[in-house]
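Undergrad: Each chain, written out:
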Amino acid sequence: MKREIPLLIVGISGFAMLIQYFIPTDWSEFIFTYAQDWVIVIGILALPLGIWSLVKANVEKLKVPGERFYSAVLLIGFLVMVLTGLKRESLEYGTTFMTIFTNVLIPIQATIFSLLAFFIASAAYRAFRARSVLATILLLTAFIIMFRFIPLGPISTVNLSAVAWTLSVPNMAAKRAIMMGIGLGATATAIKIILGIERTYMGHD
Amino acid sequence: MRDFLEKMMLIDRRWIYLAIGLAVIIPAIKSFHVPVAVSPEVRKVYDFVDDAKPGEYIFLCFDYNPSTMAEMNPMAYAILNQAFNKDLKVILVTLDQFGAGMVEEIATRVAANHKKVLGEDYCFLGYRPYPAIVILAMGIDFRVPFPADYYGTPLDSMSVMQGIKNFYDVKGVIEITGGSTADFWIIYGNGRYDFPLALGLTGVMSADYYQYLQSGQIFGIIPGVKGAAEYETIVIFPGEGMARMPYQVIAHIVILLFIIISNVAYFASRKKKGKLGGGV
Amino acid sequence: MTTGQLILNGIAAFLTLCIFSFLYKDNPFYKFAERLVAGVATGYWTMLLYHTNFTDKVIEPIFINGQYHYIIPAVLGIMMWTRFSRKWSWISRYPIAFYIGIGSGVSITVYLYTYLFKQLQATISTPLTLDLAGLNALIIVIAVLSALIYFFFSSAHKGIFNVASRFGIYVIMIGFGAGFGLTVMGRVALLVQRIIFLRDYIVALFGG
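Chains as they are written, first to last, in the working numbering: chain G, 281 to 485; chain B, 2 to 281; chain L, 1477 to 1684.
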């Protein structure tokens, strides 16, 4: 019962959604509407799981000497946001809640990802070498694409045409082939889930 | 010379970080103008908004967060300014968990500049998790996932949402994203409901979406900060995209030089060791 | 900039430099900023979820609007919380099954349409004319077929199959090279935005 009923639910709901696509009647649209609406509500109520996990893990780390300070920083940040965001009006531009969002969250998040510029420069220098035919093709293509930023008059005009052709013909063809493979794989996985062959989402007993 | 090149191959990465850091500081001190040629895929997005008549609706989905706002903000500002300039009605939404605050600020600022009123000229639906399901639900009726807007006002009480039920009531959708929601909009949005869709993407992602452009599943792409600069050029909106192009030029020159030096050093060391090239 | 804005932007600039300090090596300033953003982000998302999602989709429909059918998905959502209990975690399989089943059923048709049918149609429907467009169309057909053959491992890559597969991997390398070239632009853009912010702050602080 612990595994059979969920498998049955997956099979019935999955099959219902599949055939609904091919039966455009009022009752099928009714089922489709309610299915999406209910899934949104289930999802909203499932999200506190992650929040609770993070808070619980950091409360436990308060007992660990090396991690105590940093866990306290995390929890204080969390509590400050919760306390300043108690009213719905706090979500509007200009409030304390949004001021902390703008002056703490935005700069830190943006800067963390800006580090990637340094890492890609380092990767380009240390690893991007024409060791083989394949690496050379990759390198030359990247070179053509990156060269378009350098304004060199007529050379730039020729380069821009080359870039446009590269992106819309060979690059497009490569990505299309990869996408078709992904689509087939994803479809196969969805069918396996509905038929009960794929059960990893249930976890272990 | 060869020994020097070999040493260059083993240089500490922090010197590389310093070089790229200095490279982007130069234009901060002394900037210069970079001419930008407009690509057809960006022009198609501009033309789509430009062809809309005053009072027509467009749906803008700003699904990005602070980690990609450097590339996405210029596009968002340019498109929203163009839409309000043309007196279009705008419906905004975000499907990114940290996007709501940024979108709210952008919408409030740009609307104030154009004297547009929330609830009459535009509506910000807010944020919902699980983009795929939300897109499917919006295709039935915007009120299914969003009975009220970001501020808690019921959609039925807003004049801008009167007679607007789903994607079939808007001219089209422009999605600006730095994440996987682009795929969801193509698969579940355009794939299910077949509405006109354009994408504003980060540089990292944009190479992966040209097949959808060629197949007609999307009608335009704004690729990264360069695409944003191109868009600003057509809209004649002096924004962050154009301002950042000099930095891109210098940084790209430096990185190209790194690649050239690295490969010269590599081939020089290979000759010295007398090894044959590896296979594929 | 007002004094208040200078102070707030000063905090943002300090936190930016804390993160940049990681480029030299990992240090307490970086760890502090990293944990701070995790806490602030979680707190932000919690209140956003509560006010705009939980209130609009659960509290108001059930307790204010009298739409009692929402009690069913609400109960299913609460059943997910049993995942924390070793003894009762099997209960969470029911809402997961509902969610997974609906998601899988909906996705089959749209995946096939988006990833397969439309792409196949676009590949073969462009006419092979005697001009640049026709040449490009021919290249696209050959390139897509070759790249697909490269990923086909049910037969050995021998003879003409091997030739097509080799051409396919060359095409894929062009795709990856294009991706790398655009990635550089994207990553640099992220750094530029922070540099401009720091420059503007320094100018405001010292330049007035």
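Wrong hints could be hidden among the right ones.
The calculated PhoX-like cross-link candidates involving lysine-lysine, where the alpha carbons are at most 20 Å apart (straight line), are [to be verified]:
hint : chain 1 : residue 1 : chain 2 : residue 2
1    : B       : Lys54     : B       : Lys8
2    : B       : Lys54     : B       : Lys116
3    : B       : Lys172    : B       : Lys54
4    : L       : Lys1507   : G       : Lys341
5    : B       : Lys8      : B       : Lys172
6    : B       : Lys45     : B       : Lys87
7    : B       : Lys87     : B       : Lys172
8    : G       : Lys282    : L       : Lys1563
9    : G       : Lys343    : L       : Lys1507
What the hints contain is simulated information worked out from the structure, not anything from laboratory work.
Note that this is a predicted model, so its numbers are computed, not measured.
Undergrad: Could you run down the list of hints and mark each one as holding or not?
TA: Quick rundown of the hints versus the structure:
| no. | hint | in the structure |
| --- | --- | --- |
| 1 | Lys54(B) <-> Lys8(B) | violated, 63 Å |
| 2 | Lys54(B) <-> Lys116(B) | holds, 19 Å |
| 3 | Lys172(B) <-> Lys54(B) | holds, 10 Å |
| 4 | Lys1507(L) <-> Lys341(G) | holds, 15 Å |
| 5 | Lys8(B) <-> Lys172(B) | violated, 59 Å |
| 6 | Lys45(B) <-> Lys87(B) | holds, 17 Å |
| 7 | Lys87(B) <-> Lys172(B) | holds, 14 Å |
| 8 | Lys282(G) <-> Lys1563(L) | holds, 12 Å |
| 9 | Lys343(G) <-> Lys1507(L) | holds, 18 Å |
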